[in-house]
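Asks: Protein sequence lines correspond, in order, to chains A and B. Note that the working numbering has the first sequence beginning at 5, numbered continuously upward. Note that the working numbering has the second sequence beginning at 5, numbered continuously upward.
The set of hints was computed from the structure by calculation and includes no laboratory data. Idealized CB from N, CA, C, for every residue including glycine. Check each hint, because a few of them may be wrong.
Unchecked claim - Here chain A is said to cover these stretches of chain B; the calculated rule only asks that three of the stretch's residues, wherever they fall, bring their Cβ under 8 Å from a Cβ of chain A:
| # | region |
| --- | --- |
| 1 | 24-35 |
| 2 | 48-59 |
| 3 | 244-252 |
2 protein chains.
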Amino acid sequence: MARSGPKLTRIARTLGVSAATVSNALSGKGRVSAELAEKIRATAAELGYVPSLAGRALRTGRTAVIGLVLPDIANPLFPQIAQAIELAASSAGYGVLIADSRGDVTTQTKAIERLIDRDVDGMVIVPRRGTRIADVGCPVAVIDTPSTPGNTVAADHWGGGRQIAEHLKALGHRRVLIIGNNPASNVQNDRIGGIRSVLADGAFVETLWIEPLEREQGKGCPLGLAEKVAEGFTAFACVSDLHALRALTELQRAGINVPEKASVTGFDDLIWSPVVTPALTTARMDMTRIAAIAVEALVKAIGERDPADAAIGAPVTADDAEVPMQLVVRQSSAAPPRIQFQPAQTTANARTSAPEGEHQP
Amino acid sequence: MARSGPKLTRIARTLGVSAATVSNALSGKGRVSAELAEKIRATAAELGYVPSLAGRALRTGRTAVIGLVLPDIANPLFPQIAQAIELAASSAGYGVLIADSRGDVTTQTKAIERLIDRDVDGMVIVPRRGTRIADVGCPVAVIDTPSTPGNTVAADHWGGGRQIAEHLKALGHRRVLIIGNNPASNVQNDRIGGIRSVLADGAFVETLWIEPLEREQGKGCPLGLAEKVAEGFTAFACVSDLHALRALTELQRAGINVPEKASVTGFDDLIWSPVVTPALTTARMDMTRIAAIAVEALVKAIGERDPADAAIGAPVTADDAEVPMQLVVRQSSAAPPRIQFQPAQTTANARTSAPEGEHQP
DNA sequence: TATCGATGATTAAACGATTAATCAGGCGAT
DNA sequence: ATCGCCTGATTAATCGTTTAATCATCGATA
């Protein structure tokens, strides 16, 4: 909306100079004497001058707006991401336009197109389950996972998995059930890979995928964790706090106390994780840092780009593409009960009696 | 970013007409013969013409962008709201710029100012705990609760409370603990008001506020619900699913089975509500409808407004300001256990032995 | 003294769309 | 035959900013 605020010409008129001089003084580009420049800045500030983005956009081809594309906005991580991106972008002078794709791939394409039509200078994309993003014709920062080709910046999900696993291992767990949602997700696979890499030596590990299970038994179906406990599993390492919550309540409901009889861990430190009972042990990513790096790389690419060509659409790269995760130990994890499947307390070779880490069929 | 796409003049040149005619044909405003208009539309479509928002904005003072302001983006409801607003806005041809206030009031003001500086045509505000929003100088749609002055559109939180209470009442609950976060929230007060209005007759009701309790005992402290059960409470009506989740896990942890020994209900149907065990009974608001109404009212106000003046900043009003909530009955609510505090099964006057609905000190 | 260069400012064009004002015909009515 | 009106199109101005090109002035150099 056209604020009634003063325009460039208004300042120029006030000081009896030309509009071009004002523009030069404010941007520091042309040749303006130091004293006049100072005077211009002063009156601009005094009058509360705010440049018209529309005018500038028309002239420069830069809108100072970036688009934020998320696989599905309903993802509980969305608030964290959006907040961090918005903060980073606005400190860099950019606005953030959101685009929702409701999980749908074609909708996502449409959403991206709408952003392009709005002349965004660049976009931050969190791709859905490792789908490659097509060349969109403007600089793109991709936040996925370091092992994804084209990734710009991401948390070190593998490392996060390792931390979780080491925590569980140190507590004494030797039979761990990993709970994931969908094997197509690069993020989940990295987390799981990290967990397995630590537990491979001397622990029995199995993976349960929720989505395939739900396709058979319906949404929100029980995961059958009580049976798993009966089979000797003492820890449930979930790939997201959402699944951890699901596991926790299912176990509690079955009368299995957490963490005394079974440990539960999650990922992402979602909003409820500190306030449920027991509070969830989880691995958190430093979204603020990730967003800062992504936006910084994006802004750099935008700056280098010639506004005329619409050719370059390859994901931009950041110097520091891998941000470590942070283990948050709370009450949902503890040592396993002493009874089951602990062949002997005879220190060393007791471990070898447990099956080596194995992979799911 | 300046797409390399064809401009208005390009189409004009292709057909050998003037740019003005093309503009008129495409907008349907000036006087253009039907056949020429058709031909223009055809080539525009063929060439994939997309108007430059910057050019249009500069001329018309309309950016076709609205701002979305939320009290704190970390709110678990945010995804729902953002998704619904984005859908409604984009179908109306508007982009959505997000502004986060991190819960802080001064930050919120800054965020709003940034939106104004970006020339948004209007904004949708979900105010923080009933803070009145100041005159911002552009049309504003407020989503809060019908009883808030200046509210544009909202779910019927009071009615939602009534539905929850009637459900609980029909199940036979006579001692209900309401769990809220902060007494300053209009939304929460309406929900609680609705609950109490139904339960006032013949049930004992008490309210527990989390935030004051946490100020004393620290974040994530136990709510002491086991004691409440011992006192005879059979149902916990929470003002949000987040609190319901907290209550549920605390009860489960204390060995109190839900719903056999105590019922738990929430609000908002948040992401985890269907997948925890037992799945949460809750009241859902129709965000899609609310967003549609809010955006419609906003767009109408934007259309009527003279782009030149920046005076009107009062919240716009919608025709249909109150959208009913929908009760979602799942497994977390059931009839209370038969034993405790049921003075007698002697039908009628048994009720009067229970204290009338009372208010918290 | 005439000229060159640097300095500090101004002019004017451009970005892409909208829209008020204008203009050229054609047709009916006086 | 002339005037006025309606239709369908064009002209030209405008929104606010940026920036290349131009210009004036002054001091220093040849």
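Asks: Checked against the structure, which of the hints given earlier come out wrong?
Replies: 1
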